[in-house]
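Sequence order for the protein chains is A and B.
The numbering used here numbers the first residue of the first sequence as 1 and each following residue consecutively.
The numbering used here numbers the first residue of the second sequence as 1 and each following residue consecutively.
Honestly, the hints are just simulated from the structure, not real lab data.
Incorrect hints may have been included.
[To be verified] For the chain B half of the interface with chain A, some residues (derived, Cβ under 8 angstroms), not all of them: (1) E75; (2) T103; (3) A104; (4) R225.
[To be verified] The calculated EDC-like cross-link candidates involving lysine to aspartate or glutamate, where the alpha carbons are at most 20 angstroms apart (straight line), are: (5) A:K39 to A:E49; (6) B:K110 to A:D420; (7) A:K247 to A:E188; (8) A:K242 to A:D191; (9) A:K330 to A:E355; (10) A:K387 to B:D53; (11) A:K351 to A:E49; (12) B:K167 to B:E30; (13) A:K387 to B:E76; (14) A:K387 to B:D23; (15) A:K330 to A:D344; (16) B:K16 to B:E223; (17) A:K163 to A:E407; (18) A:K123 to A:E188; (19) A:K92 to A:E63; (20) A:K330 to A:D360; (21) B:K141 to A:E413; (22) B:K141 to A:E401; (23) A:K387 to B:E30; (24) B:K167 to B:E91; (25) A:K117 to A:D151; (26) A:K330 to A:D269; (27) B:K141 to A:D151; (28) A:K6 to A:D36; (29) A:K247 to A:E301; (30) A:K387 to B:E152; (31) B:K141 to A:E409; (32) A:K92 to A:D151; (33) B:K110 to A:E388; (34) A:K387 to B:E73; (35) A:K85 to A:D57; (36) B:K5 to B:D23; (37) A:K387 to A:D344; (38) B:K20 to B:D53; (39) A:K85 to A:D99; (40) B:K134 to B:E152.
Because the structure is a prediction, the values reported are computed rather than measured.
Note that CB positions come from ideal geometry on N, CA and C, so glycine has one too.
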Amino acid sequence: MALPQKKLDATEARLEGLSLPGGAAWARAAREAALDRVKAMGLPERRDEYWKYTRPDTLVQAEVPPAATFDSDDGPMYEGIDRLKIVFVDGKFDEAASDDLSLEGVTIERLSAAAEKDIHWAKDVYGVLEERGQTPVERPLAALNTALAEDGLLIHVTGRVSKPLNLVYHHRSETSDAILHHVIRLDEGADLTVLENGPAAARFNKVMEVDVADGAGFHHVRTQGRDHERRAATHIFARLGKESTFKTFTLTVNGVLTRNECVVEMLGDDAAAHIAGACVGDGDFHHDDTVFVTHDAVNCESRQVFKKVLRNGAKGVFQGKILVKPGAQKTDGYQISQSLLLDDDSEFDAKPELEIYADDVACSHGSTSGAIDEEGLFYLRARGVPKEIATDLLTLAFLAEAVQEIEDETLREELVGRLDAWLQRRRG
Amino acid sequence: MLEIKNLHVGLEDEDKQILKGVDLKVGAGEVHAIMGPNGSGKSTLSYVLSGRDGYEVTEGSATLLGEELLDMEPEERAAAGLFLAFQYPVEIPGVGNMTFMRTALNAQRKARGEEEMSAADFLKLVREKAKTLKIDADMLKRPVNVGFSGGEKKRNEVLQMAVLEPKMCILDETDSGLDVDAMKLVSDGVNALRDAGRSFLVITHYQRLLNHIQPDVVHIMSEGRIIKTGGPELALEVEENGYADLRGEVA
Chain A
1 MALPQKKLDA TEARLEGLSL PGGAAWARAA REAALDRVKA MGLPERRDEY WKYTRPDTLV
61 QAEVPPAATF DSDDGPMYEG IDRLKIVFVD GKFDEAASDD LSLEGVTIER LSAAAEKDIH
121 WAKDVYGVLE ERGQTPVERP LAALNTALAE DGLLIHVTGR VSKPLNLVYH HRSETSDAIL
181 HHVIRLDEGA DLTVLENGPA AARFNKVMEV DVADGAGFHH VRTQGRDHER RAATHIFARL
241 GKESTFKTFT LTVNGVLTRN ECVVEMLGDD AAAHIAGACV GDGDFHHDDT VFVTHDAVNC
301 ESRQVFKKVL RNGAKGVFQG KILVKPGAQK TDGYQISQSL LLDDDSEFDA KPELEIYADD
361 VACSHGSTSG AIDEEGLFYL RARGVPKEIA TDLLTLAFLA EAVQEIEDET LREELVGRLD
421 AWLQRRRG
Chain B
1 MLEIKNLHVG LEDEDKQILK GVDLKVGAGE VHAIMGPNGS GKSTLSYVLS GRDGYEVTEG
61 SATLLGEELL DMEPEERAAA GLFLAFQYPV EIPGVGNMTF MRTALNAQRK ARGEEEMSAA
121 DFLKLVREKA KTLKIDADML KRPVNVGFSG GEKKRNEVLQ MAVLEPKMCI LDETDSGLDV
181 DAMKLVSDGV NALRDAGRSF LVITHYQRLL NHIQPDVVHI MSEGRIIKTG GPELALEVEE
241 NGYADLRGEV A
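Between the sequences and the hints, there should be enough to build the whole structure, so can you do that?
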């Protein structure tokens, strides 16, 4: 089908002058196929149904809107946690700042190096999960990423990894346009925790493909950095085997535009997928969580829990879908998205969807938008808690339900501590 | 301690006067009771004093130790020493009871220019106060008032009072929803806080609470005014004859 002229023009403008990175045959083939997908789909524009609530133009345009870097005095995250640190600066791997990449139970390679090898396991995953995720809904920015990404990590997990991998993304250049593509493959029974933090770049396009084999477990916690002007379009594509576990949580504070897509396919029986996020937006802030969970096996459980606190004209979006395919009996699907609007200028758009083709399932979804609880606020103030602190206490309490989705207590406390500190600093 | 002069209060959103000239003076260390029928303005008085939104003061003043309360934010009133024990304590999911009390205490201390209390000292203080009110560790850990029974909520109010050590305590129908045992527990908690430097204003429908918390002075409120003031015997009179007689007497 021919693309509308406007879309065609925008797509061509973005691709103009770009050449695909080289590499071995499998990598070149994956990139060329992805580029063909981009050309066939066209890049998103505001009239696309899937982009109804989020304007994609600044994510698509060739020129990167500049974003000032933000000097936070927060100090590094996860300091108290034994972890393997891998640093990227404006989307480029920084070997000197990173730990040694050898760790028992896992092999970590750079995409650029692995793509040169004629035979590589990543052939079966790189761009493969992304392509699977293109139906029934197109995600052209992910295909663009597969085509153009030069850096990223290929992580092969063969056992239970003793400590988390911590991917740290620094943003140093005001016009950096980073494209990172990670591929994570977990063998049967393997287990890995990935922690991501940092703003990454002025504009960040990230894809993470996660292939979780039978009985394996993948845990993911990320924070997206506090640079006000940064933009990000991220995708996670996960494929889940039998009795596997996939858990991801994202905390977003600040950022002028964020679109986080998470696409999960449950292909093995008795698997569990938990996708959660909390965000705090103030002023020029637009945050979009777009989730698509497909149940294509028996007795799988999925949860989507998203909470947003918005003020001073901040906007939040949630598009979440649970698709239960024929035969996916005993599916337990749950989805909740809630926003706390601290003033009348802020906005939350939610589009929860269920599509069910099996008859023995339990699926529920809910979405709410509300103001702060005035009764609770007065009660706190009547006990001497100043209004701003009382508001922050209620804000934290509201976000707690999403943060609770983080299984590990140490990580959970780290994130609550961060949130608390950020709210305190905001109060001055 | 507390001095209310000619207080006129209406609702902000509708043209309705609720308090029509309340005068009241509570001296240091005194316990005053306000009794009155439904709709007489008792709860409004407690809300206006504590600074709840939705009311408009059209005339009069209310001072605590000489300071005008009505100009202050609710949190400033609390720091100045005012405490309202709510008729319906609010449930706050997600905020732990201990966090709540510690934040409140330290905010008040900070506002008064005092040093904040350490977590360890605070824990010790709360444990000690909680014990006498038979509040267990679980209630302290749970979110504020969430899932508490009526009696637990009221005990939690008294615990906050004990921890925050206010100068002027207003108890708004603290007896509502309490069985006899709970009422005794709550009253004992309040009585333990009676002190020469602390005053109480006990708002209640019924005389029975005043058997447990014995007042020095009893006021009868009706249609937005205090229509009669007397000693403890006035409460017994109301109990026997109802409010109708008193209203007739004044008219």
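Each hint, compared with the structure:
Checking B:E75 against chain A: minimum C-beta separation of about 5 angstroms stays under 8 angstroms; hint holds. With a cut of 8 angstroms, the hint placing B:T103 at the interface with chain A holds, because the nearest CB-to-CB distance is about 6 angstroms. Taking 8 angstroms as the C-beta cut-off, the interface hint given for B:A104 holds, the closest approach to chain A being about 4 angstroms. Here the hint on B:R225 is broken, as its CB sits about 25 angstroms from the closest CB of chain A, past 8 angstroms.
Taking the CA atoms of A:K39 and A:E49, the gap is about 19 angstroms. The hint holds against a cut of 20 angstroms. Under the criterion of a C-alpha separation no larger than 20 angstroms, the hint pairing B:K110 with A:D420 is consistent with the structure, at around 19 angstroms. Among the hinted pairs, A:K247 with A:E188 is consistent with the structure: their alpha-carbon atoms are about 17 angstroms apart, no more than 20 angstroms. With a C-alpha separation of about 14 angstroms, the suggested pairing of A:K242 with A:D191 holds against the 20 angstroms cut-off.
For the hint pairing A:K330 with A:E355, the CA-to-CA distance comes to about 15 angstroms; that is within 20 angstroms, so the pair holds. As the CA atoms of A:K387 and B:D53 are separated by approximately 13 angstroms, the hinted pair is consistent with the 20 angstroms bound. A hinted pair counts as satisfied when its Cα atoms are at most 20 angstroms apart, and A:K351 with A:E49 qualifies at roughly 11 angstroms. A hinted pair counts as satisfied when its Cα atoms are at most 20 angstroms apart, and B:K167 with B:E30 qualifies at roughly 11 angstroms.
At most 20 angstroms may separate the alpha-carbon atoms for a hinted pair to count; A:K387 and B:E76 meet this at roughly 10 angstroms. This hinted pair does not check out: A:K387 and B:D23 have alpha carbons roughly 30 angstroms apart, beyond 20 angstroms. At most 20 angstroms may separate the alpha-carbon atoms for a hinted pair to count; A:K330 and A:D344 exceed this at roughly 42 angstroms. Annotation: proposed proximity of B:K16 to B:E223 holds, straight-line Cα distance about 12 angstroms (limit 20 angstroms).
Note on A:K163 and A:E407: the hinted pairing holds, with a Cα-Cα distance of about 15 angstroms set against a maximum of 20 angstroms. Distance hint between A:K123 and A:E188 is fulfilled; the C-alpha atoms sit about 18 angstroms from each other, no more than 20 angstroms. Between A:K92 and A:E63 the alpha-carbon distance is near 19 angstroms, which keeps this suggested pair within the 20 angstroms criterion. Distance hint between A:K330 and A:D360 is fulfilled; the C-alpha atoms sit about 6 angstroms from each other, no more than 20 angstroms.
Of the pairs offered as hints, the one joining B:K141 and A:E413 holds, with about 16 angstroms between alpha carbons and a cut-off of 20 angstroms not exceeded. Between the alpha carbons of B:K141 and A:E401 the distance comes to roughly 17 angstroms, so the proposed pair stays at or under 20 angstroms and holds. At most 20 angstroms may separate the alpha-carbon atoms for a hinted pair to count; A:K387 and B:E30 exceed this at roughly 31 angstroms. For the hint pairing B:K167 with B:E91, the CA-to-CA distance comes to about 25 angstroms; that exceeds 20 angstroms, so the pair is violated.
Between A:K117 and A:D151, the direct Cα distance comes to roughly 15 angstroms. Compliance with the 20 angstroms bound is thereby established for this hinted pair. The hinted pair formed by A:K330 and A:D269 meets the criterion: a straight-line CA distance of about 10 angstroms does not exceed 20 angstroms. For the hint linking B:K141 to A:D151, the alpha-carbon distance of about 47 angstroms lies beyond 20 angstroms, and the restraint is violated. A hinted pair counts as satisfied when its Cα atoms are at most 20 angstroms apart, and A:K6 with A:D36 qualifies at roughly 18 angstroms.
Pair hint A:K247 plus A:E301 holds up; C-alpha atoms about 12 angstroms apart against a cutoff of 20 angstroms. For the proposed pair A:K387 and B:E152, the alpha carbon gap of about 26 angstroms is over 20 angstroms, so the pair is violated. Proximity of B:K141 to A:E409 is assessed by CA-CA distance (about 17 angstroms); at most 20 angstroms being required, the pair is judged to hold. Between A:K92 and A:D151 the CA atoms are separated by roughly 6 angstroms; this keeps the pair inside 20 angstroms, and the hint holds.
Simply put, B:K110 and A:E388 have alpha-carbon atoms about 15 angstroms apart, close enough for the 20 angstroms limit, and the pair holds. For the given pair, A:K387 sits about 9 angstroms from B:E73 by alpha-carbon distance, which is consistent with the 20 angstroms threshold. At most 20 angstroms may separate the alpha-carbon atoms for a hinted pair to count; A:K85 and A:D57 exceed this at roughly 34 angstroms. Distance check on the hinted pair: B:K5 and B:D23 sit about 5 angstroms apart at the alpha-carbon level, within 20 angstroms; holds.
Proposed proximity of A:K387 and A:D344 is supported: the alpha carbons are some 18 angstroms apart, at most 20 angstroms. A hinted pair counts as satisfied when its Cα atoms are at most 20 angstroms apart, and B:K20 with B:D53 qualifies at roughly 19 angstroms. A threshold of 20 angstroms between alpha carbons decides the hint, and for A:K85 with A:D99 the separation of about 5 angstroms falls inside it, so the pair holds. Restraint check: the Cα-Cα separation between B:K134 and B:E152 comes to about 9 angstroms, which is no more than 20 angstroms; the hinted pair holds.
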